[in-house]
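Heads up: the protein sequence lines correspond to chains A and B, in order. Counting in numbering that gives the first Met the number 0, the first sequence tops out at residue 357, every number present. Counting in numbering that gives the first Met the number 0, the second sequence tops out at residue 580, every number present.
Note that these hints are calculated values from the structure, not bench results. Among these hints, one or two may not hold up.
Stated by the list, open to error - To spell it out: a stretch of chain A is covered by chain B in this simulated footprint if at least three of its residues, at any positions, have a beta carbon under 8 Å from a beta carbon of chain B; those stretches are: (1) 134-146; (2) 151-162; (3) 212-220; (4) 309-323; (5) 326-338.
To be verified - With the C-beta cut set under 7 Å, the calculated list includes, among others, these residues of chain A facing chain B: (6) Phe96; (7) Leu167; (8) Gly189; (9) Ile341.
We treat Cβ as the ideally placed atom computed from N, Cα and C, and that holds for glycine.
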Amino acid sequence: MKNTLRQRIGEQFSLITLLLWALRVGVFIVVLWGSINTLASGRYEASTWINLVIAGLAQGSIYALIALGYSLVYGILRFINFAHGEVFMAGAFTSVFVAEALERSGFFPKYPILTFAILLIVSMTSSTVVAVLLERIAYRPLRNAPRLVPLITAIGASFFLQYTFRGLYGSGFHTYPEFGQLWGVWNIAGMDIQIVQVFVFLASLLMMAGLYLIVERTKTGKAMRAVSEDKEIAALMGIDVNRVIVITFVIGGMLAGSAGVIRGMYQPQGIWFFMGFHPGLKAFTAAVLGGIGNIPGAMLGGLFLGVFETVGPTLILQGLGIPAANQLKDAIAIIMLVLVLIFRPQGILGEKLAEEKA
Amino acid sequence: MFNNVRLALKLGFYGGIIALFISVIGMVETFDQRNIINGVVSIGLGVLLINVLVIGYQTAARIGKGLVQPGENGKQTARARAIVIGNGSLAGAVVSSWLALLVLVESQINLRSVLINVSPELISLLTFGLETGAGALLLLFLGTLFGGLGAFTFSLPSRVRRPLVAGLMWLAFWGLLSGVIRTTLSEIGIPSVVAKLFVKIEGLTPLGAVIIFLLAIAINLGNQRWREPLIERITLLPPTRQRYFRFGTWALGIILLLALPWIVGRVTSDTLVLVGIYILMGFGLNIVVGKAGLLDLGYVAFFAVGAYSTAILTSADEISAIQISFWAALPIIVIITGIAGLLVGAPVLRMRGDYLAIVTLGFGEIARFIALSDWFKPWLGGAQGVINIPSVALGNFLIVGPQKLYYLILAFALFALFISRRLDKSRVGRAWEAMREDEDVAETMGVNTIYYKLLAFAMGAMIASLGGAVFAVKLSAIFPHSFNVEVSITALSLLIIGGIGSLPGVVVGAFALVGIPELLREFSEYRLLLYGAVLIIMMIVRPEGLVPSTRRARELHEDEAAQDDWLKSETERNIITPAEL
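Please take these sequences and the hints and turn them into a complete structure.
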């Protein structure tokens, strides 16, 4: 009895646990100190913060759309499709040419909604094609390989796709034409809200609602859930596992493709072959944050990350007296990934699959 | 019969997609500036040619298996040979028809507005300067011809085939490196008038090509005939005499290693130094990934810390407050980077393999963000980096220029090699191995996994810091943009192509993935495309690498072996028959 008690104490107060607690407290103090400093300085009004949050939601909904692809694939194959950021890039990069062509021909100013639909179809198609090819060529032969093998393949695929698209479309930057109607401002209760941000948010919500219906209400969705539960048993129950996996990649690709066009609406500049890398990394962060494999979790994680990344530098880092805090926006997202993985690897909504199903 | 045709069509289809891909992403055109054989075939067309030949050969090999056993006793019937060659030609025709299609489509639609590399130059290359229709026909004809040739090569007896293939491979290899041969020849004092007969900057001369081809055939034949008996005779010698031979080989190797920069010349030495840096990185990463089994994708961070600490400690720039000599700084650099290794290692201690990979990738990016940021600008120089890094002095002797720098990197690389070799057989190495196999079991057996993981990170980081230090000295100025994710991916790719855990593999990988692209400047644009392809293909086809370490190869194929054993035992017990499977 005595012995076990001592063991338990020893376990709880091991050096690592102590360090982790120190880190936890340290992070908390830094965040609190920075925020209080910034808020106390009174440099920003309440409306600034609200605007930042809305911008963050818009940005976050794009992350969420990509994160869903990570989560869906992870849920079924238990591996990180690192090249998913490039699936997103494939859609955005391909449809920018259509957008430019439609703009030149004068079709775009006349029928903006139709144009949006066309772009969406083009982008989703190309992303889906890339995602399916990826699965067929790179991942399927490795389905039963040790875990790190498909991850290394995915990393290779990521760079292969980047430089393939660079070879195909060139290394220059492209720009989506601006949807004039979206770039207005709504004045609600004395605050200026950019229409485009609301549009982006709503469009993404619509896509996610569609996904939710597919997964929860259709027979295919049921099959997907069954496969994610247990591949072998699902196969025994007469589910074509290969087909379900392809469908998963198709859905992930479609969501990523739609994210590509939506990103083009929201941030028209900077469409090039490397545009998928950082959003991919962040969407993965979002997926982990929400609990990888968990669909509502990915949405929530994406939105949270978007808001945190937009508000964070201003709120926390400026308060700490760090100059040009926005340069560190990307670093914040990565640090958050590290912290989540240390303290709550199962994410916000995730079950404890981090250990057992591994 | 029908199956054969279908196979030929299928292989031709895939080969055609590859040919189309290579053309459309611009490789053919970019590599056209350099020739394998001057005035005969450029590297760009050579790649397409090799593609067709290989497809023809593969078609023949797959079909031929059922029809003839080629080479052995020459028992092929004329009919079997005709079938094989016919199908090879068919496959070749299908390959070239894709390119012909590209030519035809481009003549109707302007693809270039989207596909930037489908340029008039590419089209004129593919049509050999003829007009569309005639060019496409010629293309088809050549595809058929070379597909058939590939198949024909297969149908030759292996006695003839092997030297022939070896000759072609040598030709391609030296043609690729013709620029290097040229500088080397002038460096070792062969007058340029003589050298020009064999090789020009743009490629081999036809005479040089013939000589290399014949030389390769001679060596291959000689190898077949004399190598085995020679080895046999050496093993029959008494041990004391054998030692002379071993000693001789070693001495020859060391002399070659020491003389290398003066043989290949200044320009190529520069590449050698870069290759050396990556060999060093490969050795370091091998400790983390190969031995301890921790997939670290942010290895560039340690490289950067090494380079930056070198810069700050030794630079005469105003940013660095202190200025000490390289040798005095070296221990400090190594220690700083080791601490950085611990800092990266500590948070990821309890993470699973795939999470660890992505988090370390993130750390690599954070290192770059920090180096770039205004926040750290007073200390790290921001986007402008740190300049005025002095050369290394050894007493009164200044190590300046690539040929002397080579010895520095050689010394470091040998040091890292020595450490890696010693670690392999030590208690630490065994602990890492146990941890890689199964962390929980290792822990139960008394391996302190936390300690050994941190040790792996710190050791890997320290070796990378040496590479970073040489990198900083080599360029005498560093910028944050040099330290991007490409460096980590390069190090990982060379480790994987050589074989994870294999030290000779690192050297082979570094020469193949860093050396050759560096010597062919046009290649640099497609470097990462190549690395990506290497990672995918190696993982699917040969996960143990080109120069595998025996133990790793066994681990990777463990599952298959286990499955085979199971199957065998089950069939032996007659519970299931193979037919049921």
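Hint check:
no. : hint    : result
1   : 134-146 : holds (count 8)
2   : 151-162 : holds (count 11)
3   : 212-220 : violated (count 0)
4   : 309-323 : holds (count 3)
5   : 326-338 : holds (count 8)
6   : Phe96   : holds (5 Å)
7   : Leu167  : holds (6 Å)
8   : Gly189  : violated (34 Å)
9   : Ile341  : holds (6 Å)
The structure shown violates the earlier hints numbered 3 and 8.
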